[in-house]
Amino acid sequence: MDALTLLLNRRSASRLKTPAPQGEQLDNILAAGMRAPDHGALKPWHFVIMKDDGIKRFSELLEKAAIEGQLGEDVEEKARNAPFRAPLIITVIAKLKQHPKIPEWEQLVAASCTVQAMQMAAVAQGFGGIWRSGSWTEDAVVRAGLGCGENDRIVGFLYLGTPELKAPAKVQAPDMTGFVTYF
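Residue numbers for the sequence shown follow full-length UniProt numbering, so the first one is 1 and each next one is one higher.
No lab work stands behind these hints, which were simulated from the structure alone.
Honestly, I wouldn't trust all of these hints.
Unchecked claim - Below, in silico cross-link-like pairs of lysine-lysine (BS3-like), each with a Cα-Cα straight-line distance of 27 Å or less:
#1 K43 with K95
#2 K17 with K170
#3 K51 with K101
#4 K78 with K166
#5 K17 with K166
#6 K97 with K43
To be verified - The calculated label-pair distances, taken between Cβ atoms and stated as ranges, are:
#7 Q116 with D27: 12 to 22 Å
#8 T177 with F84: 16 to 26 Å
#9 G126 with P103: 35 to 45 Å
#10 A3 with K56: 32 to 42 Å
#11 P100 with M1: 38 to 48 Å
Only a predicted model underlies this, so the values are computations on that prediction, with no experimental measurement involved.
Glycine is no exception: its CB is placed at the ideal position from the N, C-alpha and C atoms.
All chains should be built: construct the whole structure from the sequences, respecting the hints.
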């Protein structure tokens, strides 16, 4: 699939199964993330890869966060099960640095671009993925468990694997009315 077709037909795959990217495939995904636009070449990001036992440990971490947050049994169960929706998860952490020319918001955007690049690299290799975020990205227990520093921000969790459902080859073109202005 050429790059333009890939980008114009981008969609998330929420139901993922094995196999997951590994070896050279995973290296390609990580390398694509490392190529994200990055003013000043700060590389303000860190990737935490979870698979196999790492998925189980992430499940335990989310459950612990739900218990400590007193969020109730339903949320605890959902938190415990969430990581098992894919055989591989890459957590992207923005490692924000004080810089005289590059504001933190720009570093956060750069780290966010890594997720898009990695998801597209996965799809280009025949895999699927979905970028998940939500309240766990701000949760103190989750942040500590993933080794976040005070100024770090979890950009999201990139769930990767083989799509359970085959997506249509083409998606409907978006209506750009109201989203584009020429100046």
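Inset, instruction - Just pull the numbers of the violated hints for me, sorted ascending. - result: 3, 8
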